[in-house]
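Enquirer: Sequence:
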Amino acid sequence: MVLLQGLSDESVEERNNNRLSWIHCLGIPLQVWGSDCFSKVVNIYKTFVKAAKETEILEHIEFARLLIRVSSLSFINRCDKIRINNIICWIKEMEDTRGKKTSVTAGDGRIMKTP
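So that you can map any letter, position 76 of the sequence shown is 183 in the numbering used here, and since no number is skipped, the others follow by simple counting.
Note that these hints are calculated values from the structure, not bench results.
Every value quoted in this text rests on a predicted model; they were computed, and no experiment measured them.
Yeah, the Cβ is synthetic: ideal placement off N, Cα and C, and Gly gets one too.
Treat the hints with care, as some may be off.
With a cut-off of at most 27 Å between alpha-carbon atoms, the simulated DSSO-like pairs for lysine-lysine come out as follows [what the hints assert, rightly or not]:
#1 K147 x K188
#2 K160 x K199
#3 K147 x K199
#4 K160 x K188
Just the calculated beta-carbon pair ranges, DEER-fashion [said to hold, decoys possible]:
#5 Q138 x K160: 18 to 24 Å
#6 V139 x R185: 18 to 24 Å
#7 T154 x K188: 17 to 23 Å
#8 Q138 x S178: 20 to 26 Å
Working from the sequences, and respecting the hints, build out all of it.
Expert: Okay, structure coming up:
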């Protein structure tokens, strides 16, 4: 029995590119905190979508909570040394599995909530 009949490698890859996930980023200096910085931090291997409301208004400053688009199904847990506005810093990125449920996007780009 073929369950994935009619799916090409391209359509499978396209679906994998549409996984959205919340991550926590620790180590971002407050003086560079903001959307431009968040974009650079996650640009290493994923795409920045938006910051959580509590991150935007600096309600919690111990970490930034960011929604990202990733192509991998692997759990995100990594540390990267990056330069942000001539400041060298180590950023720890961890996938948020305790918060809101992850959303996925439909083929046309609409965000759909998982049950």
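Enquirer: Now look at each hint and say whether the structure bears it out.
Expert: Structure-based check of each hint:
For the suggested pair K147 and K188, the alpha carbons sit about 12 Å apart, so the restraint of at most 27 Å is met. Taking the CA atoms of K160 and K199, the gap is about 20 Å. The hint holds against a cut of 27 Å. A hinted pair counts as satisfied when its Cα atoms are at most 27 Å apart, and K147 with K199 qualifies at roughly 14 Å. At roughly 26 Å between alpha-carbon atoms, K160 and K188 fall within 27 Å of each other, so this suggested pair holds.
A hinted range of 18 to 24 Å holds for the C-beta pair Q138 and K160, which are about 21 Å apart. Judged by the Cβ atoms, the range 18 to 24 Å given for V139 and R185 holds: they are separated by roughly 20 Å. Taking the beta carbon of each, T154 and K188 are about 21 Å apart, inside 17 to 23 Å as hinted. For Q138 paired with S178, a C-beta distance near 31 Å fails the hint of 20 to 26 Å.
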